[in-house]
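Line order of the protein sequences matches chains A and B. One point on numbering: in the working numbering, the residue at position 166 of the first sequence is 222, and numbering is uninterrupted. One point on numbering: in the working numbering, the residue at position 18 of the second sequence is 836, and numbering is uninterrupted.
No more than 25 Å apart at the CA atoms, straight line, and that leaves these computed lysine-lysine pairs for DSS-like:
1. A:Lys-239 with B:Lys-1033
2. B:Lys-1033 with B:Lys-1043
3. B:Lys-1113 with A:Lys-163
Chain B is nowhere near these chain A residues, computed Cβ spacing over 10 Å in every case:
4. Val-278
5. Glu-279
6. Phe-284
Keep in mind the hints are simulated off the structure, nothing from the lab. For every residue, glycine included, the Cβ atom is placed at its ideal position computed from N, Cα and C.
The residues making up each chain are set out below.
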Amino acid sequence: MTFNAFIQVVVVSVVLGFSPTTVLSATTSSSRHHGALDSGFDIKLPAPVDLVDERPTVIGSVWNYSTQTVGWVWGVLRDNVFSWITPPTASSLTQSVSKQDAVQLFKLLGYAGYKLKEINTDVGLIPYLSFKFGLARELSEADYDYLEAQVEEWQRTNPGIYASLQRKIIDTVMTVNLGGEYKVSTLKVNLLPLPDVAFTMSPKQTFLGEESSVLMQAIQRVERDLRFIKERKNMP
Amino acid sequence: MQGKMTRCTRHIAVFIVAVLSLPLTAAESTSPSPVPPERTTGQVMYMIGSTLMASYTTAIMESLTKNAGLPPAIIANRGSSRGIESFCEGVGLNTPDIVAVSRRIRSTEIESCRSHGVNDIVEIQVGYEASGIVSRRDDQDYPLTLTTLYTAIAAELPKDFNEFFPNKNMRWRDIDPELPNTEIRFVIPVPSLGGRGFMEDRILQGACRIIPEIKTIFRADVRVKQCITLRGDGRITEVDTPYDRSVVQTLASSPAGTLATIPLKFATEHQEFLKVQPFDGVIPNYETVSNKQYKFTRPLYFLVKKAHIKNYRGKGLVFGLREFITEATRESTVGPGGYLAQLGLFPTEKEIREKTRESSLRLVTINR
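Let the sequences and hints guide you as you build the complete structure.
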């Protein structure tokens, strides 16, 4: 048997689902017998392999393999992918998000003076997930320098496009808060169905409404009276 | 008629004298510094600023004198804050051309500069310097953290949210049982030195970012005031220039347990007397600062008045400022193998050096 014939036998036997050694032994025995005939010996030839009779078994094997594969893929999908696209429960979300340090963007927003106020989630065919941050404290110059240093450090260690987009959010917040008369009072980060960020800007100098103004005046009056009483008490 | 004219003339004369005397009086009350004689022709540069950067400034000027033939500059080392104050007095030969600062110029100082006509400032970052905590060499180890240091030296400590009480900690062991049982004493720079600004910004406000009761104060001015006000019971000593020698003298005459904050460069120069303590778990040295393991570093800058720089047609006030900017941004000056690194300067990253060089040579001004 030539080398090319050997390779062809192996390939065909694998495709059809036969054991290559079985086929090879059948072919080599037949070739050996042919060689023996040529040499003049009288040898009984075994029956050739009947591929037609073997066909139902081959098809059955292929069918078995196919159904097993489909079953495996379905199991993977069921166990993993569906849990990815269905929204998490509120409790699992709050547990994971309460450790804000785990998420770099949330950590930097914390340095920028923002705290997580709300998590909104909708369970459905198209899930919805958003995080709302509110301004919890003003930043001093030293705080801005520290935040800038942290952003530069993050840029050095995470140069990817996703991290760049997240840094853009921090840069926008810093730019608005540092310059001009407005500040970003609320920041809404939507993760599902599509990621986006919404900034709510309000003037730095806010005006009191009528009720707040009356309340403020009442507080100032009480403060004045208390100061007066304290001074009278300290007098000899 | 003649009498009326004489009276009238007399009134006018008095009025003119009164008007003319006003500018003189005003000039006496806010008269700018007199112009040094060497500066009348604008051939000599006038530099002022940080004592920490004195050696770097001198080295750059020596190089310029040797290689470019520039006359030696007038250099006055008075501290970063005082230097910026003089720098922002205005534009003219009686004001400094360059200020060397060991911290970033603040927005309020930039506003002050602009209000006095100094509108365009070229900012050149030359490198970093690290500051550490030192004690006498024969003293024990004090492995402090941001929080323990703040708890030792702050005027008031938080009790509950929005409630503060005076700091009553007397010994280091009161704060942390692992610290030695010695009296709390600390030496810091006076407010006019750059090191004080660095300490307030990086150390005190850094500690306040961790303490929840202070971190949650909304207004920045209230929070900063709470943060940087130190105890006034005599346990904190402020020292002036020359800072390194003042620290050494103060530590020599103080009891055990007295610590000081000092630039690493000075600590290395006085290492036969001073022991560098670990801070936040890291001992500052060349390796830990270069690989950013030690985080308490501050950038060093030169600020140059663009109005004093001569243009290519020779119009401008002072000669040599362009050459200074070129020398201060050269790789052989501020790079890892440069002569400033051999004097103790920690170089910035390559990208920052290239960006600084490019913007400085184009005379890009501060935009804050």
